[in-house]
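Asker: These protein sequence lines map, in sequence, to chains A and B.
If you count the first sequence from 1, you need to add 87 to reach the working numbering.
If you count the second sequence from 1, you need to add 132 to reach the working numbering.
It is worth saying that the hints were derived from the structure and are not from the lab.
Note that the structure is a prediction, hence the values are computed from the model and not measured.
Careful, some of the hints might be misleading.
Unchecked claim - Straight-line C-alpha distance at most 20 Å; calculated SDA-like pairs for lysine to any residue:
id	chain 1	residue 1	chain 2	residue 2
1	B	K304	B	H315
2	A	K223	B	E201
3	A	K494	A	R481
4	B	K137	B	M222
5	A	K590	A	A528
6	A	K223	B	M222
7	B	K137	B	S191
8	B	K137	B	R336
9	A	K223	B	A181
10	A	K590	A	R508
11	A	K571	A	R414
12	A	K223	B	P220
13	B	K251	B	A284
14	A	K554	A	A372
15	A	K223	B	Q226
16	A	K590	A	T576
17	A	K554	A	R428
18	A	K494	A	F478
19	A	K223	B	L235
20	A	K419	A	G570
21	A	K223	B	A284
22	A	K223	B	P202
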Amino acid sequence: MHDQLIQALRLLPDRLAWHVILSASALALACALSLPLAVLAYRHRGLRWPLLGFSSLVQTIPSLALLALFYPLLLGLSALTKTVLHHGFSALGYLPSLLALSLYAMLPLLRNTMAALDGIDPAVIEAARGVGMTAKQRLRLVELPLAAPVIMAGVRTASVWTIGAATLSTPIGQTSLGDYIFSGLQTENWIDVLVGVAASAVLALVVDQLLARVERGLGASGRAGRAGTRLGLGALAVVLALALSPLLIPAAGGGYVIGAKTFSEQYILAELTAQRLERARAHVARKLNLGSAVAYRALAAGDLDVYVDYSGTLWTNVLGRTDNPGREAVLKQLTAELKARDGVTVLGPLGFENAYALAMQRNTAMRLGIRSLIDLTLVAPSLRFGSDLEFTSRPEWASLQTAYGLKFGQIKQFEPTFMYRALEGGEADVITAFSSDGRIAADNLLVLPDPRGALPPYDAVVLISPKRAGDSRLIGALGPLIGKIDAETMRRANLSVDRDTNKVSPAEAARSLGDSIGLPR
Amino acid sequence: MIELKSVSKGYDGHSVLRDINLTIPTGRFVVLVGGSGAGKTTLLKTINALIQPDRGTVSIDGVATHAIEPHALRRSIGYVFQDVGLFPHMTVAQNIGITPQLLGIDDAEIAERVEGLLKLVALPAGLALRLPSQLSGGQRQRVAVARALAAAPRIVLMDEPFGALDPVSRGKLADDYRTLHRHLGLTSVLVTHDVTEAVLLADRIVVLADGEIVADGVPGALLQGHEDPRVNALFDAPRRQERRIREVAGA
Ligand SMILES: Nc1ncnc2c1ncn2[C@@H]1O[C@H](COP(=O)(O)OP(=O)(O)O)[C@@H](O)[C@H]1O
Ligand SMILES: [Mg+2]
Numbered sequence: 088m089h090d091q092l093i094q095a096l097r098l099l100p101d102r103l104a105w106h107v108i109l110s111a112s113a114l115a116l117a118c119a120l121s122l123p124l125a126v127l128a129y130r131h132r133g134l135r136w137p138l139l140g141f142s143s144l145v146q147t148i149p150s151l152a153l154l155a156l157f158y159p160l161l162l163g164l165s166a167l168t169k170t171v172l173h174h175g176f177s178a179l180g181y182l183p184s185l186l187a188l189s190l191y192a193m194l195p196l197l198r199n200t201m202a203a204l205d206g207i208d209p210a211v212i213e214a215a216r217g218v219g220m221t222a223k224q225r226l227r228l229v230e231l232p233l234a235a236p237v238i239m240a241g242v243r244t245a246s247v248w249t250i251g252a253a254t255l256s257t258p259i260g261q262t263s264l265g266d267y268i269f270s271g272l273q274t275e276n277w278i279d280v281l282v283g284v285a286a287s288a289v290l291a292l293v294v295d296q297l298l299a300r301v302e303r304g305l306g307a308s309g310r311a312g313r314a315g316t317r318l319g320l321g322a323l324a325v326v327l328a329l330a331l332s333p334l335l336i337p338a339a340g341g342g343y344v345i346g347a348k349t350f351s352e353q354y355i356l357a358e359l360t361a362q363r364l365e366r367a368r369a370h371v372a373r374k375l376n377l378g379s380a381v382a383y384r385a386l387a388a389g390d391l392d393v394y395v396d397y398s399g400t401l402w403t404n405v406l407g408r409t410d411n412p413g414r415e416a417v418l419k420q421l422t423a424e425l426k427a428r429d430g431v432t433v434l435g436p437l438g439f440e441n442a443y444a445l446a447m448q449r450n451t452a453m454r455l456g457i458r459s460l461i462d463l464t465l466v467a468p469s470l471r472f473g474s475d476l477e478f479t480s481r482p483e484w485a486s487l488q489t490a491y492g493l494k495f496g497q498i499k500q501f502e503p504t505f506m507y508r509a510l511e512g513g514e515a516d517v518i519t520a521f522s523s524d525g526r527i528a529a530d531n532l533l534v535l536p537d538p539r540g541a542l543p544p545y546d547a548v549v550l551i552s553p554k555r556a557g558d559s560r561l562i563g564a565l566g567p568l569i570g571k572i573d574a575e576t577m578r579r580a581n582l583s584v585d586r587d588t589n590k591v592s593p594a595e596a597a598r599s600l601g602d603s604i605g606l607p608r
Numbered sequence: 133m134i135e136l137k138s139v140s141k142g143y144d145g146h147s148v149l150r151d152i153n154l155t156i157p158t159g160r161f162v163v164l165v166g167g168s169g170a171g172k173t174t175l176l177k178t179i180n181a182l183i184q185p186d187r188g189t190v191s192i193d194g195v196a197t198h199a200i201e202p203h204a205l206r207r208s209i210g211y212v213f214q215d216v217g218l219f220p221h222m223t224v225a226q227n228i229g230i231t232p233q234l235l236g237i238d239d240a241e242i243a244e245r246v247e248g249l250l251k252l253v254a255l256p257a258g259l260a261l262r263l264p265s266q267l268s269g270g271q272r273q274r275v276a277v278a279r280a281l282a283a284a285p286r287i288v289l290m291d292e293p294f295g296a297l298d299p300v301s302r303g304k305l306a307d308d309y310r311t312l313h314r315h316l317g318l319t320s321v322l323v324t325h326d327v328t329e330a331v332l333l334a335d336r337i338v339v340l341a342d343g344e345i346v347a348d349g350v351p352g353a354l355l356q357g358h359e360d361p362r363v364n365a366l367f368d369a370p371r372r373q374e375r376r377i378r379e380v381a382g383a
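Make a model of the complete structure from these sequences and hints.
Answerer: Have a look at this one:
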């Protein structure tokens with residue numbers, strides 16, 4: 088527990104710094120957009136409804152979805168600039184997070200600024216005209232100073248929202264305090280989750296208090312007010328500078344960017360990849376916790392250099408295939424088509440499959456007389472199905488339903504961790520398990536065989552980005568992994584990270600995994 | 133010289149000023165009187181273009197006001213608002229110095245003027261750093277008068293400027309202002325509903341009723357009586373006051 092905490096805190100400076108950079112720049116951008124727009128809407132009433140309508144609409148989009156939506160949008164834009172200007176930009180990480188968070192912060196800023204300006208006594212505005220101010224002078228000398236405290240309250244609301252929502256930028260590849268929360272939830276490392284939550288809460292509170300000081304200063308005019316405002320702003324600048332200082336230590340540039348999706352096996356394989364590359368004296372950067380669709384696109388676009396995906400996932404989601412020609416044929420066609428389509432190299436299979444499979448508690452299955460998916464068809468209407476967050480929207484689910492005529496009484500979605508818990512706790516009868524998951528053996532689950540071959544094979548394969556296709560250092564470092572990791576080995580590694588007691592970190596699990604397949608440290 | 137020619141103004145069909153013709157020669161002190169809602173404030177605001185008339189023209193020294201940039205026009209005319217209209221976030225000194233500041237006059241000069249004006253409106257110099265919210269109603273009115281005078285305007289428009297003052301200081305400030313007006317050769321237009329005050333201050337009284345000028349003359353003549361009963365009713369108060377004072381003094 089003590090070790091876990093120390094390990095978590097070691098990552099804090101970098102994550103906190105990025106969290107602050109992201110929140111501060113998103114807030115700055117939101118202010119830069121909202122204040123002029125609100126002033127414009129104050130002068131031209133017709134703009135007010137569309138502006139408030141738009142920003143309210145943005146608020147109704149769940150922030151996670153908004154962040155995710157910006158990625159494909161920017162990817163398209165980047166492809167466009169690449170063809171037109173011969174210069175693309177990274178659509179992963181910072182940029183989509185910045186834009187989504189800024190958009191999200193606009194509502195409180197717009198609303199408060201408009202309300203503040205509308206609330207100014209008309210007699211004071213007429214006096215400003217009467218003493219000979221132009222419209223600009225009126226804004227600078229009278230309207231904005233009088234509106235400032237209410238605008239500042241909007242900035243406070245927006246900053247608390249932004250600092251909270253910035254944790255959601257992790258799945259689109261932006262380092263933030265959310266990294267603790269996402270991987271902590273996956274590996275049930277509650278210390279990580281708490282560190283992430285506490286750090287962002289403390290950050291939000293500190294910033295809110297400092298802004299409150301500025302706000303009070305603006306409210307109380309005169310010398311005391313100005314001093315208060317200056318003190319608050321000064322303290323904010325110090326916090327910002329402190330938070331950013333770790334980034335001033337020059338980062339090793341030009342490294343390999345390793346990606347991972349949001350589950351333990353992916354973290355372990357990413358760490359294993361990193362350890363292999365570091366042993367070859369290469370610099371590495373990690374982008375963990377990527378959304379499933381984000382990872383492949385990021386690799387094809389060159390934002391990632393290497394990550395592990397699964398043949399069946401690529402087969403159905405990237406190539407859009409629904410047929411199942413068999414394990415070897417899928418691998419062969421995938422290798423050829425990804426190369427031709429996106430320039431992505433399939434370095435080779437690691438040796439194990441992490442297949443989607445339906446699983447039940449062994450004694451429930453026995454009681455109901457279920458031995459394979461065929462037996463499930465009849466009893467499914469009286470059973471509850473617990474799925475992970477994506478399975479029921481994937482083509483595999485459709486083909487499973489067609490092949491076996493499956494109709495469950497109830498379908499619920501869970502984070503993978505909670506999905507196993509739900510099965511254990513009796514809130515679900517059948518779940519979408521992963522065949523390499525350590526919890527299958529640990530929880531004594533029965534994986535239901537798929538005699539009709541409705542689910543494609545899911546060989547774990549190492550993918551390499553187009554720009555690293557001929558990179559001998561990378562291929563040399565990862566080549567020894569190909570074909571070396573069997574399902575049992577992977578399951579053991581996964582379990583060591585997922586289990587409740589005696590947990591190890593993904594990096595430690597990766598080292599043990601490397602040892603067990605005979606790699607030199 | 134201020135000239136209004138056939139000035140009319142209305143709000144959604146309801147007319148507030150009807151065909152006003154008024155010429156105020158330079159150096160005069162004109163007081164506009166009339167019941168509440170008669171259109172006094174509206175008339176005053178058309179002079180510094182705070183209100184655009186629907187028809188007719190306003191000109192100052194022969195130049196139509198609509199041909200002048202409104203902010204330049206207003207910087208050259210002192211204006212005291214009926215509801216005072218001080219800037220709540222500015223100190224007394226900042227409020228008084230605002231128009232000179234807009235005109236780009238340097239800070240030392242502004243500070244000097246502020247000091248002089250505070251003395252003129254009989255406010256202690258120690259008030260300079262207070263906010264309007266820290267003043268009494270009467271003190272605020274004095275600051276508003278000082279602000280109107282700060283840019284050394286040739287024309288001063290005042291909308292019930294002494295309403296919140298007690299009778300003694302009201303008479304004193306009005307007297308002081310009248311002296312200043314004469315001394316600087318200002319052209320002053322003052323609005324009041326207090327006819328006694330009008331009689332004491334004015335070179336000339338203009339009576340407004342229902343948006344029309346119903347009487348226009350020197351105070352003495354209007355006190356004698358007028359054919360319009362509305363005007364007569366208005367001047368009844370000072371006449372009665374005068375009679376009573378004479379009775380009491382005689383007895
Ligand atoms: N902005 C406005 N909209 C509608 N009616 C107005 C407006 N300003 C003034 N009025 C009306 O015009 C009339 C004259 O107003 P005003 O000039 O303020 O009168 P006074 O100053 O003589 O009391 C009043 O009936 C008032 O209700
Ligand atoms: Mg009035």
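Asker: Decide, hint by hint, whether the structure agrees.
Answerer: Here's how the hints hold up against the structure:
1. K304/B to H315/B: holds (16 Å)
2. K223/A to E201/B: holds (14 Å)
3. K494/A to R481/A: Holds - the C-alpha atoms of R481/A and K494/A are around 16 Å apart, at most 20 Å.
4. K137/B to M222/B: violated (38 Å)
5. K590/A to A528/A: holds (17 Å)
6. K223/A to M222/B: Status holds; Cα separation ~18 Å.
7. K137/B to S191/B: holds (8 Å)
8. K137/B to R336/B: Roughly 19 Å separates the two Cα atoms, so the pair holds.
9. K223/A to A181/B: holds (18 Å)
10. K590/A to R508/A: holds (17 Å)
11. K571/A to R414/A: Since the Cα atoms of K571/A and R414/A sit roughly 17 Å apart, the hinted pair holds (cutoff 20 Å).
12. K223/A to P220/B: Judged against 20 Å, a Cα distance of about 19 Å means the pair holds.
13. K251/B to A284/B: OK: K251/B and A284/B at ~16 Å, within 20 Å.
14. K554/A to A372/A: holds (16 Å)
15. K223/A to Q226/B: It holds: about 18 Å lies between the C-alpha atoms, which stays within 20 Å.
16. K590/A to T576/A: holds (17 Å)
17. K554/A to R428/A: holds (14 Å)
18. K494/A to F478/A: Within the cut-off at roughly 15 Å; holds.
19. K223/A to L235/B: holds (15 Å)
20. K419/A to G570/A: The given pair, whose Cα atoms are some 15 Å apart, holds under the 20 Å limit.
21. K223/A to A284/B: violated (24 Å)
22. K223/A to P202/B: Status holds; Cα separation ~14 Å.
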